[in-house]
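Chemist: What follows is the residue order along each chain.
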Amino acid sequence: MATPILEAIDVWRSYQRGSETIHALAGMHLTVQPGEMVGIVGRSGSGKTTFLNQVGCLDTPTKGTISICGTDVTAMLEKELVAFRRDHIGFIFQLFYLIPTLTAVENVELPMTFAREGNRRERALEALARVGLSEVRALPHQLNGGDMQRVAIARALVRKPRLLLADEPTGRLEHGSRVAIMDIFRSLRAEGMGIIIVTHDPTLAEETDRIIELRDGRVVDERKVA
Amino acid sequence: MTEPAFDVQLSLVAEAAGMGKIYRRGAEEIHALREISVAFAPGEFTCVLGPSGAGKTTLLNLLGVMDVPTSGALRVAGTTIADAGRVRLAEGGRDRLRRENIGFIFTEFFLLPTLTAVENVQLPLLWAEKDDHSYAVELLERVGLGHRLTHRPTEMSGGEMQRVAIARALINRPRLLLADEPTGNVDTKTRDGIFDLFRELNADGLTIVLATHDGELAARIDRVIHLREGRIVEGA
Numbered sequence: 001m002a003t004p005i006l007e008a009i010d011v012w013r014s015y016q017r018g019s020e021t022i023h024a025l026a027g028m029h030l031t032v033q034p035g036e037m038v039g040i041v042g043r044s045g046s047g048k049t050t051f052l053n054q055v056g057c058l059d060t061p062t063k064g065t066i067s068i069c070g071t072d073v074t075a076m077l078e079k080e081l082v083a084f085r086r087d088h089i090g091f092i093f094q095l096f097y098l099i100p101t102l103t104a105v106e107n108v109e110l111p112m113t114f115a116r117e118g119n120r121r122e123r124a125l126e127a128l129a130r131v132g133l134s135e136v137r138a139l140p141h142q143l144n145g146g147d148m149q150r151v152a153i154a155r156a157l158v159r160k161p162r163l164l165l166a167d168e169p170t171g172r173l174e175h176g177s178r179v180a181i182m183d184i185f186r187s188l189r190a191e192g193m194g195i196i197i198v199t200h201d202p203t204l205a206e207e208t209d210r211i212i213e214l215r216d217g218r219v220v221d222e223r224k225v226a
Numbered sequence: 001m002t003e004p005a006f007d008v009q010l011s012l013v014a015e016a017a018g019m020g021k022i023y024r025r026g027a028e029e030i031h032a033l034r035e036i037s038v039a040f041a042p043g044e045f046t047c048v049l050g051p052s053g054a055g056k057t058t059l060l061n062l063l064g065v066m067d068v069p070t071s072g073a074l075r076v077a078g079t080t081i082a083d084a085g086r087v088r089l090a091e092g093g094r095d096r097l098r099r100e101n102i103g104f105i106f107t108e109f110f111l112l113p114t115l116t117a118v119e120n121v122q123l124p125l126l127w128a129e130k131d132d133h134s135y136a137v138e139l140l141e142r143v144g145l146g147h148r149l150t151h152r153p154t155e156m157s158g159g160e161m162q163r164v165a166i167a168r169a170l171i172n173r174p175r176l177l178l179a180d181e182p183t184g185n186v187d188t189k190t191r192d193g194i195f196d197l198f199r200e201l202n203a204d205g206l207t208i209v210l211a212t213h214d215g216e217l218a219a220r221i222d223r224v225i226h227l228r229e230g231r232i233v234e235g236a
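Protein chains in written order, with the working numbering: chain H, 1 to 226; chain Z, 1 to 236.
Honestly, I wouldn't trust all of these hints.
Sample of chain Z residues with no beta-carbon within 10 Å of chain H, all distances over it, derived [what the hints assert, rightly or not]:
| no. | residue |
| --- | --- |
| 1 | A41 |
| 2 | F45 |
| 3 | E91 |
| 4 | D95 |
| 5 | P113 |
| 6 | L149 |
| 7 | R152 |
| 8 | M156 |
| 9 | T188 |
| 10 | K189 |
| 11 | N202 |
| 12 | G205 |
| 13 | L206 |
| 14 | A236 |
Listed next, the stretches of chain Z that the computed footprint assigns to chain H, with coverage defined by at least 3 CB atoms under 8 Å from CB atoms of chain H [what the hints assert, rightly or not]:
| no. | stretch |
| --- | --- |
| 15 | 77–86 |
| 16 | 141–147 |
To be clear, the hints were calculated from the coordinates, so they are not data collected in a lab. Heads up, the beta-carbon is just placed ideally off N, CA and C, and yes, glycines get one too.
One chain only, chain H, in its complex shape (with noise of 0.2 Å):
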């Protein structure tokens, strides 16, 4: 069996509130296999956000092991991680993110431009138009909310992360944009990617391939979508 993208194991994570420790996750657990789009459900609160941190190598957890690709990420210091997750997670957000004053290829070429990456435009070209957008001199005001989130969908992209993480990635799109979206979301799971998408939208977690949903930071129900 192929290494799993993901494999998070009784992961916690803790926070001192006065005299209180708050356990925004407690006890998590969640493998993702290539090619495998998961949706993780849950009310505000329920430790999505949390959850996605501690696996997109924002947040360390408290406790709890997490290998993606088979490395552990939890033993890693700072700098490391920041490598790490350059190299193997992509994120896309409700929000997009993108930089105002920054064309639509300019946006995308932004994490190679980090990583002090060559042939920058030309990449950035073609994962623009791997998501279908052909406006690429076009500045983020001027395109519309699906437009703005394929952008943000190529950023994540253009350096062949093994891993996409997505927060509400249609929570401001209307239908046809969201349907777009998903479009491309199942081409990129077609060619082994793993997909984690945190959502409030019970319709966008069918279009998974499995229905994690977490309660109080750990996992209360899951399912297999038919």
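Given the structure of chain H, go ahead and fit chain Z onto it with the hints provided.
Modeler: For chain Z alone, coordinates are given in the frame of chain H:
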């Protein structure tokens, strides 16, 4: 009517003469700005005041070369962007002019959640193939965030995030700082702190144009331009 010509004052940071902007949505024409004539001198702090829909964002987008006029003339940082309603500077030239001369701050902070404060500030520079980590650090210290260099946006308050965004807008040593409703997402106390920072930057010689619908904020700024339905009704 003849198109107005520029007074050639190279020292002006930005100057519009009879400038208009029409957006077309299908068959409909939306006149976002009409006959705007206004100039911004170095070191000025100007407020563009008006209700939502008055054309404030359109005006800032034009001054920031994020968009082009459909009539009249516009010069920014000594370069003619448009004249007699015709665009005189090609897209690539506009991108470069913007990157080299303009700092932009918005209501939303547009910080990348996966990057630290100092990385977010460096973004525009990386673009210019420069690496000026120490200047990014200096700017974060300047905006009062010397202790937050390696924090990520999710670990910061709204006011702190806006300060990072301000530091990022300053990284290219801009001639013109444009702030579109920069305190729209923060509480009154934070707003006052951000405003004090603008004041200090202006005292250091930075030219600032701030758009807002907040009359209380406008009352503290020396020069106020009132915008209504796409026209300057007072203060040009």
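Chemist: All the hints need checking, so say for each whether the structure fits it.
Modeler: Each hint tested on the structure:
Residue-level check passed: A41 (chain Z) sits 23 Å from the nearest beta carbon of chain H, beyond 10 Å. F45 (chain Z), annotated as away from the interface, keeps every beta carbon of chain H farther than 10 Å; the closest lies near 21 Å. With a closest Cβ-Cβ approach of about 6 Å to chain H, E91 (chain Z) is found to fall inside the 10 Å limit, against its non-interface label. At the 10 Å boundary, the C-beta of D95 (chain Z) falls inside the reach of chain H, the nearest C-beta of that chain being 6 Å off.
Annotated as non-interface, P113 (chain Z) brings its C-beta within 10 Å of a C-beta of chain H; the closest such distance is 6 Å. Consistency note on L149 (chain Z): stated as away from chain H, and its beta-carbon is indeed over 10 Å from all of that chain's, at 13 Å minimum. In this structure R152 (chain Z) is not separated from chain H by more than 10 Å, as the shortest Cβ-Cβ distance comes to only about 7 Å. For M156 (chain Z), the requirement that its beta carbon stay farther than 10 Å from each beta carbon of chain H is met, with the minimum near 13 Å.
The beta carbon of T188 (chain Z) sits about 24 Å from the closest Cβ of chain H, which is more than 10 Å, so the claim that it is off the interface holds. Look at K189 (chain Z): its CB is around 23 Å from the nearest CB on chain H, clear of 10 Å, so calling it non-interface holds up. Every Cβ of chain H is farther than 10 Å from the Cβ of N202 (chain Z); the closest lies at roughly 21 Å, confirming the non-interface assignment. With a minimum CB-CB distance of about 22 Å to chain H, G205 (chain Z) clears the 10 Å threshold, and the non-interface call stands.
Non-interface status of L206 (chain Z) relative to chain H is upheld: no Cβ of that chain comes within 10 Å, the nearest being about 17 Å off. No Cβ of chain H approaches the Cβ of A236 (chain Z) within 10 Å, the least distance being about 25 Å, so the stated non-interface status holds. A stretch counts as covered by a chain when three or more of its residues have a beta carbon under 8 Å from one of that chain; for the stretch 77–86 of chain Z and chain H the count is 0, and the coverage is violated. Only residues whose C-beta sits within less than 8 Å of a C-beta in chain H count toward coverage, and the stretch 141–147 of chain Z has 0 of them, not enough to reach three; the restraint is violated.
When the structure is compared with the earlier hints, violations turn up for hints 3, 4, 5, 7, 15 and 16 and for no others.
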